[in-house]
Structures are given as structure tokens and as C-alpha cells.
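Visitor: Given next are the chains, with one letter for each unit.
2 protein chains.
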Amino acid sequence: MTPQSGTFYRPKALIFDVFGTVVDWRNGVAAECAAAFEKKGIAADPHEFADRWRAQYQPAMQKVRSGNRGYVSLDTLHLENLAAVLAETGLDAHFNRNECAELNHAWEKLPPWPDSVAGLAAIRKHAIIAPCSNGSIALITRMAKFGGLPWDAILGADIAQNYKPEAAVYQRNAEILGLSPGEVMMVAAHNDDLVAARRAGLSTAFVARPQEHGPGQATDLEATGDWEIVAADFIELAARIEQLPQG
Amino acid sequence: MTPQSGTFYRPKALIFDVFGTVVDWRNGVAAECAAAFEKKGIAADPHEFADRWRAQYQPAMQKVRSGNRGYVSLDTLHLENLAAVLAETGLDAHFNRNECAELNHAWEKLPPWPDSVAGLAAIRKHAIIAPCSNGSIALITRMAKFGGLPWDAILGADIAQNYKPEAAVYQRNAEILGLSPGEVMMVAAHNDDLVAARRAGLSTAFVARPQEHGPGQATDLEATGDWEIVAADFIELAARIEQLPQG
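Quick mapping for you: the protein sequence lines, in order, are chains A and B. If you're matching positions, the first sequence starts at 101 in this note's numbering and goes up one per residue. If you're matching positions, the second sequence starts at 101 in this note's numbering and goes up one per residue.
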């Protein structure tokens with residue numbers, strides 16, 4: 101139920117966007133690339149490389165969403181995208197197949213934002229918490245171990261065999277928890293993720309991550325919808341969840 | 101790799117049978133039934149009722165395994181089985197639909213064996229740990245919150261959309277972690293689960309749970325196969341895993 105239609109109850113589960121919302125993918129991927137470049141004496145800017153790698157993310161998933169390609173996990177897409185970026189930056193001769201596979205694990209070694217672990221632990225006392233990422237269960241499970249993210253379950257694209265922002269992804273992830281969409285809240289630092297989640301019947305929470313894209317970030321600096329919750333970080337989100345009445 | 105074929109390396113992940121292996125389903129379900137019976141002044145023996153409810157478990161799943169019924173989650177089967185047991189014990193008039201649904205949550209409120217939480221926490225330092233139960237993600241996630249089970253991910257029947265001991269269940273659960281079957285160890289208190297897991301390519305660990313079926317238990321009192329590990333409890337299992345060389 102939205103605030104407009106009466107009492108807004110505490111969601112039974114909160115599901116989270118991960119890349120950008122829970123973890124700092126840009127600095128994490130750049131750190132792994134910097135280490136790989138240093139080992140090989142490559143002078144490339146690791147943050148620029150991370151940005152280029154991430155720029156391939158939406159177009160690659162779009163082939164699956166559109167039905168032009170069957171579902172393959174994001175690990176496969178990341179590896180294909182890495183090959184494309186190495187080629188476009190003229191670095192492909194430096195990395196053999198095994199080294200590409202190794203560098204692809206960069207996406208599992210992403211640092212949580214400073215408030216993420218404590219905020220999730222606090223929210224977890226009041227509801228089920230799970231990632232609803234386009235990352236695979238394999239990737240997000242290893243990332244959780246790396247960063248100490250205290251998820252109750254690992255959900256996301258693999259569960260729906262499709263990618264956000266398809267409505268079926270949000271709905272299938274609610275269903276697998278035995279919940280209706282209205283009992284689940286989607287948490288994201290991206291307004292478009294919340295637009296799609298609301299359309300799929302979920303409630304929504306926005307937490308801005310103004311450093312996600314580095315110093316020049318121009319998007320998602322603030323909430324652009326009347327989301328049920330807008331919080332400065334996961335600690336405030338936890339406090340807001342705790343204050344909601346139980347349904 | 102089995103011990104016979106050379107060095108046996110530490111598994112990258114351990115996946116666990118849950119009902120009986122990690123938690124005490126019989127006493128847990130009986131406790132919930134006892135509370136429900138007391139509220140209604142019913143004199144039935146709650147342990148006998150729990151045994152009858154559990155006796156419906158394998159035949160119900162067999163319809164799915166055989167292909168005579170599409171995959172439905174264990175929550176649905178448990179609810180159907182509850183209706184059958186209430187009818188056969190003459191108690192069906194006492195429970196309306198909502199009360200049956202409420203009692204069905206008994207399977208989410210099962211106490212871990214005394215060594216389960218500490219043992220899992222110790223194993224988790226060395227490998228990914230996840231349930232590979234016939235219970236649904238919804239059920240096993242709530243059970244983990246109830247008992248404080250520190251899983252890295254919640255896997256199982258829902259992931260494969262089929263029930264153990266079908267080989268595809270073990271293999272699909274390894275695959276969703278990005279691992280080959282040989283990199284994953286199945287842990288169970290049931291020899292037949294391990295027979296099937298080994299046939300599917302996984303390594304195996306047996307931990308006897310001689311109280312699972314109450315004082316008169318006659319099955320699975322000891323390992324009946326040459327499982328890679330046979331341990332007295334999860335604490336010993338953790339120590340054995342820690343001792344294995346990393347592959």
C-alpha cells in the first residue's frame with residue numbers, strides 16, 4: 101500500500117539493487133584493473149577502463165530482455181564485455197583467456213559503501229533482506245562473502261532468468277519468497293529501477309549514491325519520484341523501516 | 101576427486117541437506133502441533149502427528165520427480181499433506197483454511213541441532229555454504245532467520261525446479277554457484293542422499309543424526325558408504341574441511 105491509500109505497513113522483505121546501491125563498483129573494479137595493469141606495466145587509467153566496461157552492461161542485457169538472446173548470466177556478459185573493452189582500448193594482446201577470466205572476478209570484489217553492512221544488519225532484524233541484482237547468484241554470493249554483506253538469501257536475475265527492469269524479475273523474486281509484490285520493497289540508488297519496481301507492484305525506497313559514477317556524477321543525485329521512503333543512507337533506511345507498523 | 105584418485109582438495113562449496121541434517125524437524129513440528137492442539141483442547145500425540153505428516157513427504161514429491169505433476173514448492177505439498185493427515189486422524193473439522201496455513205509454517209520454526217550454527221559458522225570461513233534442501237527458498241530463508249543459520253546463499257529444490265534425489269538437482273545447484281559438481285560437497289545425515297549426490301559428481305560428507313526420528317530410530321545410524329568425510333557433528337566436519345589442502 102502506498103502512503104496515499106492509508107496505513108503503510110512494514111514490508112515483509114526488502115530487496116536491493118546491488119551495483120551502486122550497496123557496493124561501490126567503480127572504485128572496486130578500478131582497483132582490480134589497476135592491480136592487473138601494474139603487473140603488466142600497462143599505463144591505462146583504471147577508472148576510465150571501469151567506466152568503459154560498465155558502459156557495455158545495459159546493451160548486453162538488452163539482447164536478453166528483448167528476447168534476441170536466451171538468458172545467460174551476467175558473468176558471461178561481463179566476460180564478453182571485457183573482451184570488447186580490451187579490444188577497443190588496444191589492450192587485448194596483454195590478456196590471455198585465463199587472465200580475462202581472473203579479471204572478470206573483479207565484480208565479486210567490490211567494497212560496500214560505508215553504511216551498507218551496518219544498515220543491512222539493522223534492517224535484517226525487521227524483515228527478510230535479499231539482493232535483487234542483475235548479478236548472478238554465483239557473483240553476488242562471492243561479493244557478499246568478500247564484503248560481509250549479511251543477506252538472508254541471494255536472489256536476483258538468476259531466479260527470474262531475466263534482467264531488470266523487466267516487471268517479471270521483481271514479481272518472480274517476490275513470489276520465490278512466498279510474498280505478493282505489495283509485501284516487498286525495492287531499494288535502489290537508481291530512479292528508473294524504482295519506476296519499474298513500482299509498476300510491478302512493489303513499494304520503493306531511494307538512497308542516493310552520489311559517488312557511484314565518480315566526481316562528475318550527473319544522474320540519480322536525488323529522488324525523482326514520490327517513493328515510499330527516501331533516505332540518506334542504509335542507517336536512516338533501517339530507522340524508517342523500524343518505525344513502520346507491522347501489517 | 102575422491103581420496104582414492106590422489107589428493108582430495110577442499111571443496112569450494114558445501115551444500116547441505118536440511119531437514120534432519122541441520123535441524124530437528126520432528127521435535128520442531130511436534131512443538132508447533134502441540135501448541136495448536138492445546139489451544140483447541142485436542143488430545144492427539146504431537147510427535148505421532150509430526151511423523152504422520154512427514155510420512156507423506158516422499159510420496160508427494162515422487163509425483164513431481166516422476167513427471168506426473170509439474171514442480172510445485174514443498175510449501176504447497178506440506179499444506180496438502182497436512183489436510184490429508186488431519187483427515188486420517190479425524191481432526192479436520194478443528195482446523196479451518198487459515199489455521200492450516202498457519203500450522204504449515206511449523207516447518208519454518210525448526211530448532212538447529214546443538215552443533216549446527218557453530219559448525220556452519222566455522223565451515224563458512226573456508227568455503228561457500230548453502231542449503232540444498234527440498235524445502236523452498238521461502239521456507240528455508242525463514243527457517244534460517246528463526247534458527248540463526250549463517251548460510252551464504254539459499255539454494256535447493258526451487259533452483260532446480262525438481263526434488264532430490266534427482267541428479268539434476270545437485271548438478272544445477274553446483275552450476276548456479278559457478279562450480280563443477282566435483283568442486284561441491286554434499287552434506288547429509290541420510291546415506292541415500294549421498295548415494296545420489298556422488299552419482300551426480302559431488303563429493304560427500306555424512307554426519308549421523310541418530311535422534312532425527314526419535315528414540316526408536318533404526319535407519320542412517322551410521323555411514324553405509326565410503327563417503328569422503330564421515331564426522332560426528334558439524335564441529336568435526338569444520339575441522340576436517342579446514343585440514344584439507346586448497347585446490
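If you're looking for bench data, these hints aren't it; they were derived computationally from the structure. A few of these clues could be false.
No copy is singled out in the list; a pair is fine if it fits within one copy or between any two copies.
Stated by the list, open to error - Taking lysine to aspartate or glutamate and the DMTMM-like style, the derived pairs with C-alpha atoms no more than 20 angstroms apart in a straight line are:
#1 K163 to E322
#2 K163 to E342
#3 K139 to E180
#4 K163 to E266
#5 K225 to D252
Here the structure is a predicted model, which means the values were calculated and not measured.
Visitor: All the hints need checking, so say for each whether the structure fits it.
Guide: Hint-by-hint comparison with the structure:
1. K163 to E322: Answer is neither: 29 angstroms inside a copy and 52 angstroms across each miss the 20 angstroms cutoff.
2. K163 to E342: neither (40 angstroms within a copy, 43 angstroms between copies)
3. K139 to E180: Answer is neither; intra-copy 22 angstroms and inter-copy 60 angstroms both fail.
4. K163 to E266: Cα proximity of K163 and E266: one copy only (13 angstroms, versus 33 angstroms across).
5. K225 to D252: both (11 angstroms within a copy, 17 angstroms between copies)
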